[in-house]
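Participant: Chains C and P supply the protein sequences, listed in that same order. To convert, note that position 43 of the first sequence is 28 in the working numbering; the numbers rise steadily by one, no gaps. To convert, note that position 305 of the second sequence is 290 in the working numbering; the numbers rise steadily by one, no gaps.
Don't read these hints as lab results, they were simulated from the structure. All C-beta atoms in this analysis are idealised placements derived from N, C-alpha and C, irrespective of residue type, glycine included. Hints are supplied without guarantee of correctness; some may be wrong.
What the hints assert, rightly or not - Partner residues aside, some chain C positions facing chain P, computed with beta carbon under 10 Å:
(1) Tyr249
(2) Ser254
(3) Gly413
(4) Asp418
(5) Arg419
(6) Ser599
(7) Asp605
(8) Ser628
(9) Arg633
(10) Met640
(11) Ala645
(12) Asp648
(13) Pro649
(14) Pro656
As the list claims (entries may be wrong) - Cut-off 20 Å, straight-line C-alpha distance, at most; resulting in silico cross-link-like pairs (DMTMM-like, lysine to aspartate or glutamate):
(15) P:Lys659 <-> C:Asp648
(16) C:Lys565 <-> P:Asp629
(17) C:Lys565 <-> P:Glu339
(18) P:Lys565 <-> P:Asp37
(19) P:Lys565 <-> C:Asp629
(20) C:Lys659 <-> P:Asp648
(21) C:Lys659 <-> P:Glu657
(22) P:Lys565 <-> C:Glu339
There are 2 protein chains.
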Amino acid sequence: MSKARLLQHSSTILCATGGFACIFVVVSVIMSTDEPRELSRRTEISLAAVEDYVIKNINPENIRQFLRYLTRQPHLGGTEAEKEVAQWVAHTWQQQGLDQVHLVPYHVLLSYPDPIIPNLVRIVDGENNTAWVSAARQKPLYAPEEASLDIPFTFNGYAAHGNVTGDVVYAYYGREQDFDFLAKSGINISSKIVLARYGKIFRANIAKMAETKGAVGVVLYSDPADYAPNGSDFVYPHSSYMPPSAAPFGTVKLVDGDPLTPFYPATESAFHIPEEEAPIPKIPVQPIGYEDAWQILSRMGGTVAPVDWQGSLNITYHLGPGFVNPGWTLNLDVNNNNTQTTTHNVVGIITGHEEPDRYVILGNHLDAWILGALDPNSGTAAMLELSRVLLQLHNETGWRPRRSLVFCGWGAEEYGIVASVEWTEQFGKQLSDRTIAYLNVDMAIEGNYTLRTQSTPLLTDAIFQSAQRIPNPDPVELAAGRKTVYDTWKARRPDRHQSDKPQMQFIGSGSDYKGFQHNLGIPCMDICYTHDNNTIGDPMYHTLYETFALVDEIYDKGFYFHSAVTALWGDLAVVLAESKILPFSLVTYATFIIGAQQDIFENYGELISSQNISWQFFADAAQAFNASVAVFTESLNTLDLNSDLAVRRVNDQLMMVERAFIDPLGLPGRPEYK
Amino acid sequence: MSKARLLQHSSTILCATGGFACIFVVVSVIMSTDEPRELSRRTEISLAAVEDYVIKNINPENIRQFLRYLTRQPHLGGTEAEKEVAQWVAHTWQQQGLDQVHLVPYHVLLSYPDPIIPNLVRIVDGENNTAWVSAARQKPLYAPEEASLDIPFTFNGYAAHGNVTGDVVYAYYGREQDFDFLAKSGINISSKIVLARYGKIFRANIAKMAETKGAVGVVLYSDPADYAPNGSDFVYPHSSYMPPSAAPFGTVKLVDGDPLTPFYPATESAFHIPEEEAPIPKIPVQPIGYEDAWQILSRMGGTVAPVDWQGSLNITYHLGPGFVNPGWTLNLDVNNNNTQTTTHNVVGIITGHEEPDRYVILGNHLDAWILGALDPNSGTAAMLELSRVLLQLHNETGWRPRRSLVFCGWGAEEYGIVASVEWTEQFGKQLSDRTIAYLNVDMAIEGNYTLRTQSTPLLTDAIFQSAQRIPNPDPVELAAGRKTVYDTWKARRPDRHQSDKPQMQFIGSGSDYKGFQHNLGIPCMDICYTHDNNTIGDPMYHTLYETFALVDEIYDKGFYFHSAVTALWGDLAVVLAESKILPFSLVTYATFIIGAQQDIFENYGELISSQNISWQFFADAAQAFNASVAVFTESLNTLDLNSDLAVRRVNDQLMMVERAFIDPLGLPGRPEYK
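Just chain C, with the same shape it has in the complex (with noise of 0.2 Å):
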């Protein structure tokens, strides 16, 4: 132990004596206002009728104004463009008259294409001249901000800066899968360049693990097979499928936060690691569209790929190295810059009325990689019009939630959920004390088919109840008898064991929840209206057509998918902040463990024994943990719901469940998993 380490962890224990001054800060701001609000005041509501008022007065027309505002120029992570957006959304919060607003900066290691120089995929011939050369931006196609010069170089956060030259691979979606059978074709991508389809990993495990592998580089495009199905006429602007010169964003960093001060906050007295310690790619990786992608893949020579390899680019594909013409290369020329800057959340609080210090956190970023209207917008704009009801209900009745209402805007998600997880390490303490459930939206919308939910097992039935009460916002739906969300989500999207329930997805990774579900085992959910199966994912995602004009003349004319699901959010929130007793749902929970214990053991059983390890106390805890589900919730019968600290101390059980899968030294090898 080096005494540079020791003494920063000296200031360590600081940031913690900081962050108990936070605690105090935090606290102060739960418990009192500047000005005296009343906070006293609250009027006898009953949960229905607070529930009533909140999917009644939520107003399409202002989400679209919302939206509008906040789509209307680029604004990536940690830019001037992000702080305006942040700071618009304090200042919408102060008018609304939320009790509490506060900026909360963390200065991280963030990513950018140079301004000049833009970052290019080259065809070179024989003798050394370019024989074809990508776009160095998205071609604008038709919202008039397409065009602006604001709009950055195609390019992939955190991508290493870095000219190099090489034969082309075909790796189709990059997976260890797919590098297996390369090498068991005898295709060696040791110093080759892998062009790789997006859509069945993250993008940031294919870079890791061609880098690993020896690669030089990576290009990523996305196949028309996935993105495409009905053909490049059939595309943006004319329909929601992706248009040929579309090069979706993104990081390629593995870890979430700052790279710079893993499991600590990015505060100015954090101990920083050098930056060749970051966990990032130290080859170039590059998006492309599929236009160019036809470029390179239409040159490639080698071997024919197999039949699954193939996409819908109307050439065969080839799995090279190389192309077709003895000494063309493939040269990949990346000129990002990692940069120390700035990135700011934004938080504001309806002060809870008898429990001030029990939280429901909603939240969604604020940042985009370039004009967001999906993602993540589409839940600002939602997120603004359910805290501008809520505090219509205070002003008209004065009605005050059971316990506070936390909104936060966060920054930076698109580098990899950085400025959430900061603040989830800087106040985990007090989060981890105090907070019921975190309800994320990243992106309200991104499509019209049905709902789409992750979620904790713990708060399966809470969003059950909820969705059930929220009118159908699709009109052939609602002519074909199904009344509301769930109706259509049931029929479109059944689970697989039970079709009379629709389908509940696990909660991930991969948006601002990261924190609060996987460091501190806070139940999380988050929502959105998706697609069909016609793509694997949102075709737009990421690139320069998510665009207002997307969403206003495509996806959901009206916002009526919007106020869907801004009104099961706020619908949520309000039962989770005012119910007496937590609406926790054990008994699903239960059932989930021995489930998932039972799937574990039918596929991975004998692999199991082999190692000589006994199954038996996975089996015995997860029915112990059912049986325990039965004993607490028989005892709810006899509790005395008038008294306080009986009721507080029910639900404190309750919020020790998620808790209590929480290691907190995490996974083995991935610290960050706990």
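Fit chain P to the known structure of chain C by using the hints.
Facilitator: For chain P alone, coordinates are given in the frame of chain C:
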């Protein structure tokens, strides 16, 4: 990451599930009882009246009888004798009427001498004959039980099994500077046997340092200069000073808890590291009496040891290496065995009335190296009398504390704080959420000179106030006008900076508070009546001569000192369990931190600056903490004491203060210190 490790982790996750199940077990324990006891029965008695009752009703003769029973035979951790003690304590608590009593077993790696083959140190002459051999056991001197056949052979816990021969080197107290001095004097200890004195540092560090520097064995003894200041005639049983045959036992394991399950509870499902990887010595280590050390030291050759290295044996101490007689060597034959065995905690609960889910925990360990009349059973006897008095108050008046009182008897503390650490690992989340304070008494008395306390600064004021309520047990001091325990403490151990206050030591990590204070951030204290400064430590510590007679006839005739410690312990517990607002001394803590910060800067400021590290963050954080304390303290003036939830909110903030200083990742290189 190997599959085995992955799956191990799965079962760890399920320990959490199991732990969760335990939440309900423990909490339902807290919330209900098997026979429907009248939990609602609580007579309103003022806190002052409860304190008065506790102090006045402690009966010294009861303590004496408890101690007599506990010390009738050896009861090493993990043995049948320890289990009998645990069962007897459990039975006693059941008889007294505690609401719940549990035995909590852990299966852990402990260490024992061979039952038949003793550990011996021999001087071997040039012809390989034994010239002298050390005592296998300490000599019976006075109490009949000293001669029991159950007295174990002399050993150090976890010292490696091994038979080594080599030149002996005298290493004074075996500190880093002592080994440095030897090196500077040209004495290489590689392949040597180190002879070192107990007293200045933890013995496991002596062993570790010797092993690291290549020594093949270590022999430890206590020099009469440190433990028998008035000569070898004025020793036990004529005084409490150390007799020549005393060979203190003690663990030489460095890391606390079960060595095979670091960071996780030693339950059946836990992943166990291989014994070769356990943090225990690889070389034999053995304690001997100073009459045996004389045999070695008096024959040693080489350089004469420096003046301050000379002890009070009637010889000139030499550094060695080796003996004066050419060809003579030292042989160390240690036959210890490491064994996985079961140790037990006993947990007894008086359920709180208003806040059953808030715990004031009192603890003492049950295991002893031999008879344990001071360490630990003076504390056990005190704990049993304290629980008796509290139950008597309950039975007479219906009184019940506002918060739960939890009494703990710990297993295998002597082996390096084993079963209490395992318990805090298993129930860490619940304990961290719910525990007000952990109040430890390892030894109630190790002398009769003055009170000695270790504590977090958060408990300082409460301890000072309680100590002022406890009548002075010393008639001489009483006659001198010092009416309370506090008065003698202040007179005999004044604070170095403020002579009008007694000295409060910061809490260390030498007893069962370790897991609470340093892993969980629970405010801890440890108290005992201690000796004067004529010896380094308690001279009979860990020897055969810690007998009931030593206590009953020498240290505490009439058991008044025991009673005083019991009363202080009980008073603090009652104040913490009953006060509506927790009596935590925030101002004292802030002052302590500012002072500590300044001390560090004065001592290490140059080093810090030379590493290009700013100290300002630490200084600012200390000031910010101080400012927060002022704001918070002021805010208490307007608190609505009739609102249960408002009171709970403030107390939860107070509970978070100590937690705020915990870093779940631990210190760099010492992850077990958080």
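Participant: State for each hint whether it applies.
Facilitator: Each hint, compared with the structure:
1. Tyr249: Since chain P brings a Cβ to about 9 Å from C:Tyr249, closer than 10 Å, the hint holds.
2. Ser254: 4 Å, holds
3. Gly413: 9 Å, holds
4. Asp418: Holds: closest Cβ of chain P sits about 7 Å from C:Asp418, inside 10 Å.
5. Arg419: 8 Å, holds
6. Ser599: 8 Å, holds
7. Asp605: Holds - the Cβ of C:Asp605 comes within 10 Å of chain P, reaching about 8 Å at its closest.
8. Ser628: 8 Å, holds
9. Arg633: 6 Å, holds
10. Met640: Holds. Min distance 9 Å.
11. Ala645: Constraint on C:Ala645 satisfied, holds at 4 Å.
12. Asp648: 6 Å, holds
13. Pro649: Holds. Min distance 4 Å.
14. Pro656: 8 Å, holds
15. P:Lys659 <-> C:Asp648: Answer holds: P:Lys659 to C:Asp648 is near 15 Å, not above 20 Å.
16. C:Lys565 <-> P:Asp629: 15 Å, holds
17. C:Lys565 <-> P:Glu339: 19 Å, holds
18. P:Lys565 <-> P:Asp37: Satisfied, since the Cα-Cα distance of roughly 18 Å is no more than 20 Å.
19. P:Lys565 <-> C:Asp629: 15 Å, holds
20. C:Lys659 <-> P:Asp648: Holds, because 15 Å separates the two Cα atoms, which is no more than 20 Å.
21. C:Lys659 <-> P:Glu657: 17 Å, holds
22. P:Lys565 <-> C:Glu339: Holds, at roughly 19 Å.
In terms of the numbered hints stated before, the structure departs from none.
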